[in-house]
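> Each chain, letter by letter, is given below.
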Amino acid sequence: MVALARKTLVYEWRRFLPAMLAVGFAGLLQLLQLALVLGIFGATSVYITGSSADVWVGFPGTQSVGSGRSIDANVESRVLMDPAVTRVEPYVWVDGDWRGAGETGGMSVFVSGIDPAADGLMFSKVLPPALRERLAEPDAVIVDRADLDKLGVALDQTATINGHRVRVVGISHGLRGLGGINVIASLDTARRLDNDAADNGPTYLVAKLRDPQQAETVAARLRGSSEFGPYTTWSAADFAHISVLYWLFDTGAGAGVLFLAGIVFLVGAVITSQTLVGAVQGSVREYATLNALGVGVGALRKVVLEQAFWVGALGLFGASVLGVLLLLLARSQDVPVVLGPLAAFACIALVMGQAAVSGVAAMRSMRRIDPATLLR
Amino acid sequence: MPSATAPLATPRAPVIEADHVCKAFVSGKLRTPVLNGLSLSIDPGELTLISGPSGCGKSTLLAILSGLQKVDSGRVRALGSELGQLDLRALEHFRLQHTGFVFQGFNLFPALTALEQVELPLNHMGLSKQEARERARRSLEEVGLSHRIKLRPSELSGGEKQRVAIARALAKEPELLFADEPTSALDAANGQVIIDILHTIAHTHGTTVLCVSHDPRLVAHSDRVLAMEDGRILSDRRHGADAPKEPTP
Ligand SMILES: Nc1ncnc2c1ncn2[C@@H]1O[C@H](COP(=O)(O)OP(=O)(O)O)[C@@H](O)[C@H]1O
Ligand SMILES: [Mg+2]
Numbered sequence: 001m002v003a004l005a006r007k008t009l010v011y012e013w014r015r016f017l018p019a020m021l022a023v024g025f026a027g028l029l030q031l032l033q034l035a036l037v038l039g040i041f042g043a044t045s046v047y048i049t050g051s052s053a054d055v056w057v058g059f060p061g062t063q064s065v066g067s068g069r070s071i072d073a074n075v076e077s078r079v080l081m082d083p084a085v086t087r088v089e090p091y092v093w094v095d096g097d098w099r100g101a102g103e104t105g106g107m108s109v110f111v112s113g114i115d116p117a118a119d120g121l122m123f124s125k126v127l128p129p130a131l132r133e134r135l136a137e138p139d140a141v142i143v144d145r146a147d148l149d150k151l152g153v154a155l156d157q158t159a160t161i162n163g164h165r166v167r168v169v170g171i172s173h174g175l176r177g178l179g180g181i182n183v184i185a186s187l188d189t190a191r192r193l194d195n196d197a198a199d200n201g202p203t204y205l206v207a208k209l210r211d212p213q214q215a216e217t218v219a220a221r222l223r224g225s226s227e228f229g230p231y232t233t234w235s236a237a238d239f240a241h242i243s244v245l246y247w248l249f250d251t252g253a254g255a256g257v258l259f260l261a262g263i264v265f266l267v268g269a270v271i272t273s274q275t276l277v278g279a280v281q282g283s284v285r286e287y288a289t290l291n292a293l294g295v296g297v298g299a300l301r302k303v304v305l306e307q308a309f310w311v312g313a314l315g316l317f318g319a320s321v322l323g324v325l326l327l328l329l330a331r332s333q334d335v336p337v338v339l340g341p342l343a344a345f346a347c348i349a350l351v352m353g354q355a356a357v358s359g360v361a362a363m364r365s366m367r368r369i370d371p372a373t374l375l376r
Numbered sequence: 001m002p003s004a005t006a007p008l009a010t011p012r013a014p015v016i017e018a019d020h021v022c023k024a025f026v027s028g029k030l031r032t033p034v035l036n037g038l039s040l041s042i043d044p045g046e047l048t049l050i051s052g053p054s055g056c057g058k059s060t061l062l063a064i065l066s067g068l069q070k071v072d073s074g075r076v077r078a079l080g081s082e083l084g085q086l087d088l089r090a091l092e093h094f095r096l097q098h099t100g101f102v103f104q105g106f107n108l109f110p111a112l113t114a115l116e117q118v119e120l121p122l123n124h125m126g127l128s129k130q131e132a133r134e135r136a137r138r139s140l141e142e143v144g145l146s147h148r149i150k151l152r153p154s155e156l157s158g159g160e161k162q163r164v165a166i167a168r169a170l171a172k173e174p175e176l177l178f179a180d181e182p183t184s185a186l187d188a189a190n191g192q193v194i195i196d197i198l199h200t201i202a203h204t205h206g207t208t209v210l211c212v213s214h215d216p217r218l219v220a221h222s223d224r225v226l227a228m229e230d231g232r233i234l235s236d237r238r239h240g241a242d243a244p245k246e247p248t249p
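First to last, the sequence lines map onto chains A and B.
Counting from 1, one number per residue, gives the positions in the first sequence under my numbering.
Counting from 1, one number per residue, gives the positions in the second sequence under my numbering.
Below, computed lysine-lysine pairings styled on BS3-like, alpha-carbon distance capped at 30 Å:
hint, chain 1, residue 1, chain 2, residue 2
1, B, Lys129, B, Lys150
2, A, Lys302, B, Lys150
3, A, Lys302, B, Lys70
4, A, Lys7, B, Lys150
5, A, Lys7, B, Lys129
6, A, Lys7, A, Lys302
7, A, Lys208, A, Lys125
8, B, Lys70, B, Lys29
9, B, Lys129, A, Lys302
10, A, Lys125, A, Lys150
Hints listed in this document are in silico derivations from the structure and should not be mistaken for laboratory results.
Just so it is clear, the structure is predicted and the values come from calculations on it, not from any experiment.
Here chain A stands alone, though its shape is the one from the complex:
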């Protein structure tokens, strides 16, 4: 079989280049947008995903980690009574006003009060034991590398939170927050920083299970007791999910992302289909000759579809190479980007879908192929 589609693509690559660039850039935009959104909104659940707790206990109706309210400290004994639970620790969330050493003005910070023990659950994946040990010191705090400039501090310098003096004893990496700056302190320090008289218990209790697979079951089992005032439970995975979705859709970012994805898809598809239509128009007499010789219209359509496939595949290849480079660059600059296999697959499907839609649209222009027009 003479590979008409491919040979034409190679011979007339200049004609097809705009389509490949359009598909490639559309794919790249989709990829970066998705990675950025997942990265940014993934940051809203870093408290959960960066910790090794399996079950979370908090105030009923909490939509995201940052909007929790305090619960009764006695819930801890109730949770500990469950045979599946091996460890429970409190987690205190305090909204703070940071004033650095320099004239940086007030900054809104989220203070996380955690158990600084070496086997503590909170932020166990983000803070190495040596770093968290330093929190045991009174008024010690850890801030993220990415936030140093904003906070106007360096290691071992002091600042104030809610009017209390704190000292930066360590620099973390990967704790960049969304909507505010994350500051880590010990439970004791955090309680001292809390000026809200209404807060008299922990914001959350987090529990480790003997078998993490049981998270759903244990969470359900721990729910439904009102002995100690209102509280509810989530498996860590559920709570992270709720938190990300809350940010995506309550901030309108989710709708924005979908809207932009739609626009990018459409623009790429229009450019690609126009290029393919141009290629068909350029060869309309040759196609008509083949049809006069008895080659069916269906076979001619396949040529266009195959060209669309190659345009998509080559565009995708370019987008992948550039995308990986850009993602690596973003990582090195602390820009939160995350791209899992599912998201990568979604991008591939989007690009190839775009090429397919363009091919089908371009096939419509083949209706003009009429061998009788060759006889004049």
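Guided by the hints, dock chain B with the ligands onto chain A, whose structure is given.
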């Protein structure tokens, strides 16, 4: 395929018959009649030329006889098939199996070599890869291009391009070969080569070649010349015969 070089004297059934064919083109409110009840029959294994002034309806007639265009009224039979009764797919299949075309423009794909141009339609006829390539090679050899098979259209002269187009039609081994003004884009020498090739094809393969042209040079090389004017056949002359036959009513 009909046997090669049968003597012309042997009466054989016509391969194409047109019976009171009418065709008009309508654009807006204006109706332009092109063919007015035209009838003719084309004999097998000959080079038949339809000549006449530009705009008299030659190309339209060729399109109708080859199944590329529908008639308004009248009937066309080709190789025993009633073309008016075939649908689009059946017509495509008929053309695939039985016809070859050569047009004024060469209509070659810029990306393909001469060999690939010829091979491409053969791929769709259900031939094996080897057979398609072998046939394509033979056809190109027959039109005298065996040394040019690797070249693309941009590297070929006009006459060579038309020979590739003829090879593309010939490789299908069609019973019917239609040519519309095959020489008008070429200079005298190249035109002469094309005429000779078409003549040879009719006589060595027994192919029925129906050629349409206003080029008077073709007349001397045709077995039969139908002179056309204003949508009618004015005269029907056989090569060698002096007296023009009256056209079939
Ligand atoms: N598709 C068409 N639409 C309208 N008029 C046409 C069309 N094709 C041909 N004609 C008209 O029909 C007449 C005969 O055309 P044609 O068969 O191409 O003549 P020839 O090939 O003898 O020069 C011309 O007057 C031409 O303008
Ligand atoms: Mg004409």
